[in-house]
Amino acid sequence: MTALAIKGGHLLDPAAGVDGARDILFKDNRVAEIAPHGKLKSANGAETLNAKGLVVAPGLVDIHVHLREPGQGYKETIATGTAAAAAGGFTAVGAMPNTTPVNDSPETTRWMLAPERGAAIRVFPIAAATRGSKGEAINDFAALKSAGAVAVSDDGHPILKDGVMREALAAAARVGLSVIQHAEDTRMTQGAHMNAGPVAFRLGLRGMPVEAESNLVERDIRLVTELRDARSHLHVAHTSTAAALAAVRQARRNGLRVTCEVAPHHFLLTDEHVGFYNTHAKMNPPLRSAADRDAMIEAILDGVVDAIATDHAPHAMHEKEVEFDRAPNGIIGLETALGLCLRWLHREWKMPLGRVISLMSAQPAALLGLKGRGTLTVGSCADAVIFDPKAEWTYRAADGKSKSKNTPFDGWTMQGKVHWTISDGRIAYASA
Amino acid sequence: MNAIAAPVRRKLNPPQPAAHQFPYHPGSLLSVNDLSLEALNHILTRATALEQQDPLTRDRILAKRRVTLLFYESSTRTRTSFELAAKSLGADTALISSLSSSIEKGESLKDTGLTLRALGAEAIILRHNSSGAPWLLEEATRLPVLNAGDGMHEYPTQALLDLRTILQHLRPGIAKVGADTLAGVTVSIVGDILHSRVARSNMLLLPRLGARVLLCGPKELLPELATGTGPGIAIERDFEAALRESQAVMMLRIQAERLAGLQLDLDQYKAAYQLTGDRLRAFAPHAPVLHPGPIIRGLELTAGVADGPQSAILEQVRNGVAIRMAVVERALKHPSDQDLSPGTPLTASVEGSRA
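So the protein sequences, as listed, match chains W and R.
Numbering-wise, the numbering used here comes out as the position in the first sequence, counting from 1, plus 70.
Numbering-wise, the numbering used here comes out as the position in the second sequence, counting from 1, plus 43.
No lab work stands behind these hints: they were computed from the structure.
Heads up, a few of these hints could be off.
To be verified - Here are the in silico distance ranges between beta carbons for each label pair:
(1) W:GLU281 - R:LEU309: 26 to 34 angstroms
(2) W:ARG257 - R:ALA226: 40 to 48 angstroms
(3) R:GLU300 - W:ASN399: 22 to 30 angstroms
(4) W:ARG496 - R:LEU142: 53 to 61 angstroms
(5) R:GLU300 - W:GLU281: 43 to 51 angstroms
(6) W:ALA184 - R:SER117: 47 to 55 angstroms
Here a beta-carbon is modelled for each residue, glycine too, at the ideal position from N, C-alpha and C.
With the rest of the complex left out, here is chain R:
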């Protein structure tokens, strides 16, 4: 049995998948692939403008508009960040979490979404443990749906805030992003790639601006076929080699809740992939260190790195609010209604954002 498949002798012209209609609503953000470069620039510009705007005028932008947060997973950063962002624009927010709602009684996602719409929700921010759930919710409700993390799939606003953080460090003061803004930049994403929605959104987004994404991790957490996700993605199993090539490093948590029986030797893992102060100084002394959180000190990175001068972790959290203000605004207001004064820089400098 040498040949697995019989040789294909005929030219086959099989049926092709039909074009899809997602996103149904132009304000939705389901995947980073939904964003054109123009939309990306719009969000980054508005994030900066909204961040700098007087809070007393900013809260008229979405005054009394209704935004619902629907959370099927626990969350600190994401929930608070979206809530603060929506409230900063004057919107009313309501939070539904799966553990204190009729979801516990067996109500389906579709029915939950239709109920929220009937209650007056104008946009839904969804965090869900099933990959693809936001697509189902958007199709059912036709409301703008913001994907705040779906299973192991995507987390677009995290990739956007990571991009903003990387731009602040590597391209401070830039006015506009394009297909070559990050040309020559390598960003390493290290750790549990397989289970990470943050990794997937970043590996789809960063190469569109010219960056090269270098994935790093053990085979169990990083299958070879990950490079097939899109262009500009490569694998480097050797952490130190990856660091040496990187202008930015993104560390990921091992997602114990998604390991599904997979056994990992944590001591071995730490020996190979933990970001320590020594490694960082030796191989990437200038690279900002990103982490989507929650961080597990002493596992994927040491406390010294987390608290050290290269850590951008808390900047990411701050950037999250700015990005989410822009994304929530986009969900509820057509771009033509929004103030886009020319010449607004996309990002303040690192120092500015720390002020």
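Chain W on its own, in the form it takes in the complex:
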């Protein structure tokens, strides 16, 4: 039996409505007791962390990461990716299936969850919706769920065929899984490497129109509407366009279970940040116009957005040090998400700290049905992040835990310093 007491901190648990001075005791992977400072009754013999001046919040949850295993360990491994997650305050990550081979089987799902992978925090596999993520044949969702998958997605390979997507939504609803769609009509983005618009024209690069995203979101929402199954849940990954957000907003007004996430780079950066072909500003969906970026900020502040998710996508140095049109899409994000959200959403745009934390913990946990996560009530999982919300620091990608360093945020000022990350009652990360 292990026990860990966190004393002297400020407990912030938006899901439980707690925002005040509390001590908290973890025992056997669970929250055992919460009490005013100095009043824990059963903390005798427990290891104690002094959280004076710090915020104690539910461990952060990122439902969109690429851990690259199996098969692409030179970019990231489950061990290094989860170490980066822990350093960023995360205690649970949803691992996308575009691995080698594609995670479309219970065997691969179980392999990812095996203790030999050396995960520092909890990994929740998101399995492929179709065989090999080829968008043709639906996988056995019940078998994937019992192996540990928490959702299905062909992330990176959007399901274009109406019939296949309809079947995926229906089959997922029957077993209680969400369908996560990377919304991109790839018929409109062939050979394109950034957002369509004046910047792409000036740089001589083919552009991805916003309609490639919004058309598919609208198509998916139409399919959910036609399905008339209250259990069906469509989640729109990494939303980047005002038009797609408008569609999500309207679907919700119509009572549909349609949710969406936004990545920090999409609410902070625009296609102007591509500069002179900076491959660390190349991702899919691409950085959009200032109007789209502003719409992301507005939607986050207005509560339309359900979660912040990083789309952590590690790539080796040599893969990004190439011509822009030959570079792979994606940037890492686990170690910068909290620092950027606090610096910009909280400090610059005045979003209350509790709401920021909710977008990064309680809401994403609820979205994927991760029971006992995203909150710190007695009996819930012993997952917590303990951080100084005011501390400023400079992010150096070279010092990061991720195996890869592909980020546009190198050298940026971050706000909020993680002191400890507690995963299942153990210290998964402690700052030096």
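Using the hints, position chain R against chain W.
Positioned in the frame of chain W, the structure of chain R alone reads:
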């Protein structure tokens, strides 16, 4: 769903892109935007001076300096022109083309550049099919890099030689260019604008001297947002209307290799945009006709126009050598080392250059 975006209620102060450090080397020419008016005057003046200099003294300017041409695309004019320019100044040149080098074996642009530098290259002239490749090469090698065409992006020396050609016709004998040198002049660029690096460099360069650039072509090859590339750029879809307003006309080839599945009806295209002798006589009887080459006779222009009295196509080729001598010299010699005798005219007259 009327409103696409929610109204922005707050004053947002989002992070701005950081200032970039390109070009790292003052001798590089990656984009026409790298050139100040002063640098532009310097290049134009030196082009004329070098062109007129005795070849026997000219070849001491860069004697035994090492210039490498790195070509990822096939080329006639550009490669020969740069090679002749560098050799005229006495430099040693080496040519690496992607089809007969380790690039075929998968060597990256960065490694190719570092290898050339280790072999003693002092400047690299790069032609590449990826937009932005010269920026990558310059960052990796920190050598002076001359962009000899990158994908659909830019081709600065072509714009410079086009400018020289236009000045010879419209401003013969001028001693210095400034922000209003081409005030009142409209230059039409006609055809496949979307895929053209020549068009992009020209539409950025000519307005800086006061010219108005009129883009002309069908929607598939000329998106509306092209006017957002910089100031002084407008679109006229009607070719004859564009010709009527033009003091110079630049015709472009349809870049079949970059169409990426786009289907064009060539008969329709020719009917609307081919420069014929009749059109030229009727609507722009005095305008020089430019074309960066290669020309496809019978498609974007007729043989009669290509060979006709208004054609400046071969003058452009000649001007290319002069401009490239100046640009290669600038890459390897600091401007203070160079002979700038005051009063040298920027351009000889048209007749002079034809002599």
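Broken hints, numbered, in rising order? 5
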